[in-house]
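First to last, the sequence lines map onto chains A and B.
Under this note's numbering, the first residue of the first sequence carries the number 1, and numbering increases by one thereafter.
Under this note's numbering, the first residue of the second sequence carries the number 226, and numbering increases by one thereafter.
For the record, the hints were derived by calculation from the structure and aren't laboratory data.
Treat the hints loosely; a few may be bogus.
[As the list claims (entries may be wrong)] Only pairs whose alpha carbons sit at most 16 Å apart, straight line, appear in this in silico EDC-like list of lysine to aspartate or glutamate: (1) K254/B with E201/A; (2) K460/B with E201/A; (3) K386/B with D119/A; (4) K385/B with E201/A.
[Unchecked claim] In silico negatives: residues of chain B with every beta carbon more than 10 Å from chain A: (5) R295; (6) A344; (7) D618; (8) E693.
[Stated by the list, open to error] Output of the computed footprint for chain A on chain B, the stretches with three or more beta carbons under 8 Å from beta carbons of chain A: (9) 264-277; (10) 445-457.
Source: prediction; values computed, not measured.
Beta carbons are placed, not taken as given, at the ideal position from N, Cα and C, and that holds for glycine.
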Amino acid sequence: MSAAREQILATIRRARGAGDDATFHAAAEQRLQRRPRGTIPARVDRAPAALVDLFVEQARALSATVDRVASAADVPAAVADFLARENLPATLRAAPSPEIEALPWQDRPALTVTYGRSDGQDEVSLTPAFAAVAETGTLMLRSGPGHPTTLNFLPDTHIVVLRASRVVGSYEAGWAWLRDAGAMPRAVNFVSGPSRTADIEQTIQLGAHGPRRLHIVLVEDGDGR
Amino acid sequence: MEATSRTFKDNARRALVEPDLQQALARMKAGFVVNRAAAVARLPEFDALRDEARAIKNHTLAHLDFYLERFEQAVTAQGGHVHWCRTAEEARRTILEICRSVDAKMVTKGKSMIGEEIAINDYLAANGITPVETDLGEYIIQLRHEPPSHIIAPAIHVTKKQVADSFYAAHTNLDAARKLEEPRALVDEARAMLRQRYLDADVGITGANFLIAETGSTVIVTNEGNGDLTQTLPKIHIVTASLEKVVPTLEDASTILRVLARSATGQEFSAYTTFSTGPRRAEDLDGPGQFHVVLLDNGRSALLGTELQDILRCIRCGACMNHCPVYGAVGGHAYGWVYPGPMGAVLTPTLIGVEEASDLPNASTFCGRCEEVCPMRIPLPKLMRHYRERAFDKGLTPPLPRLALALWAFLARRPRLYQALTAIKVRVLGALGRKRGRFHAIPFAGGWTRHRDMPAPEGRTFQRLWDEAGGAR
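Could you put the whole structure together from the sequences, leaning on the hints where they help?
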């Protein structure tokens, strides 16, 4: 196969015509280091609190549901209420992340919480969010030992605990945080509302293969948000 | 798949009188076209983003060798593999070898136009491996043994009644008396049928909307979540991608993503946009153990530096076909191969030869809607015109149009003669047609007047009127 590689690259270089590859590549190398950003829509040009409101508005428009709670201590109650409201079992498969494990689940003893990946038998999952993008109401989920990807896709209902301080305006702001956090994870999942399809006569149906419901518990935390 | 682009005219004639298809095409115009317009209206920056998206791709294509090598380095650094393939055959063999390395029996597939281009399903099946399409539209057409008729809505030509019939025929383990009248019931049944397949599959194959040179990531954009289940659950994830999918950075992909979903379905962002980078990490609890990228050329590198290079900016949104009056009249299957509509009319002759597909670049009214809505500003009419010329040069144009063009060319080079003859023609036609205002039939032009009337001229040519009005004063 390396013959194929050489031939493809040779065809590409021939198309460019004569010239010094090194000089030519310097421009691209420089751009790769600079990572220029394109136009960021003006709709995200607003104060942090208003950005959180925009996120909520956009996420709801995508058929996600959002509960806003005052602090992390209120999350178990909000989750239990949501499950009762939706007639769902009081059993959660949760991401084994410190942020989720630290929540006061003991306040709601009727809730059964287990941690780990999903094998397809779980009805409800609960995960953290790395960030959320207000521009389009999109969650940014990062895979890792504390957040198995199967939790985002296999269960019928996906509950996401999002801290308001993690809401950014644009995807680019999310990327900047991710770069600060270290190497690229195996998967970055941008999730905008529940799974959907319009493959049958162009009528939109939720819950094609992924979750039928996406529920976001938004925790107001810190810096006046 | 066997191309039937040669018989485009017959395909189109049949499609025009197919009631189910015509109904589906009417729905498409009400859906995609209206939704795109609304999404564009909500984003004042849309046109600026289109310019930036075009610039990103032009820059990448100008430095394609650099970015592909960077992409390969980054994938390898994460523990993945890049397989360079010149042809569809090389890509098929590579995929088969990877599947055989784990003795795969079943392969799940996310939607991939490259998968269609290299006809991977038939090849795997012929080699004893069962391919299962998991995108709902792809699953439906797989059951119907059909190719897709649209690049983002593969089963757009199928009615819910036809879907139900396919499900009754295929899902024989279910109660034959069950009701499948509504889309909801059909979606739920497909969801239930495919669930176990994701878990049982040995290998998952997806396409890619982007390859990121900076990080070695591959990106898929979906709404159903099937692509993510396909690539997360099996032991091996194979990504099939053509080489022009590469962009430099995560920021560049973000810019293009802002115009992609809006142009395609009119969504601001698709439900799932996933950046995959290498196999599962040592401490991860899930994810594929192996990550392979099958990088396909299939004639694309030869377009660089030619007037056809612009088509390599295509991001497969489908806006050109959604807005095309010809696609809207005959649907995707008439085009006879994998890619229909205006982008297909350019890509098909490129990939399978102008000899096989010389009718496709002619299947256009040149109204220019495709170029107007293309998020990457690809001059599709110009590229189709290029193929018309190439077909003419190769002598693929039929004798009568050739003769007519030769005659017109002879006259067009002799302005006085041209003006004299057109003046006579206009006067005669004007006199003959004055009463009715139009002609239902004209000798030697039956092919044109069979489907529409020819308006009768006013009696004087444009040039004459121009002179009388004082010309270019």
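Restraint check for K385/B with E201/A, where alpha carbons must lie at most 16 Å apart = Measuring from Cα to Cα gives roughly 6 Å; hence the hint holds.
Coverage assertion for the stretch 445-457 of chain B with respect to chain A, Cβ distance below 8 Å, three residues required = Check passed, 7 qualifying residues.
Grab the minimum beta-carbon distance between A344/B and chain A and tell me whether it stays above 10 Å.
-> holds (19 Å)
Closest CB of chain A to the CB of D618/B still more than 10 Å away = holds (22 Å)
8 Å C-beta test of the stretch 264-277 of chain B against chain A, three or more residues | holds (count 6)
Regarding the pair K460/B and E201/A, is the alpha-carbon distance no greater than 16 Å?
-> violated (34 Å)
Check on R295/B being off the interface with chain A, judged by Cβ distance over 10 Å = Violated, since 7 Å does not exceed 10 Å.
Is the nearest Cβ of chain A still more than 10 Å from the Cβ of E693/B?
-> At about 51 Å from chain A, E693/B clears the 10 Å cut-off, so the statement holds.
Do the alpha carbons of K386/B and D119/A lie within 16 Å of each other, as the hint requires?
-> It is violated: about 34 Å lies between the C-alpha atoms, which goes past 16 Å.
Under the criterion that the straight-line Cα-Cα distance not exceed 16 Å, is the pair K254/B, E201/A satisfied?
-> Cα-Cα ~12 Å, so holds.
The structure does not agree with the numbered hints 2, 3, 5 stated previously, though it agrees with the rest.
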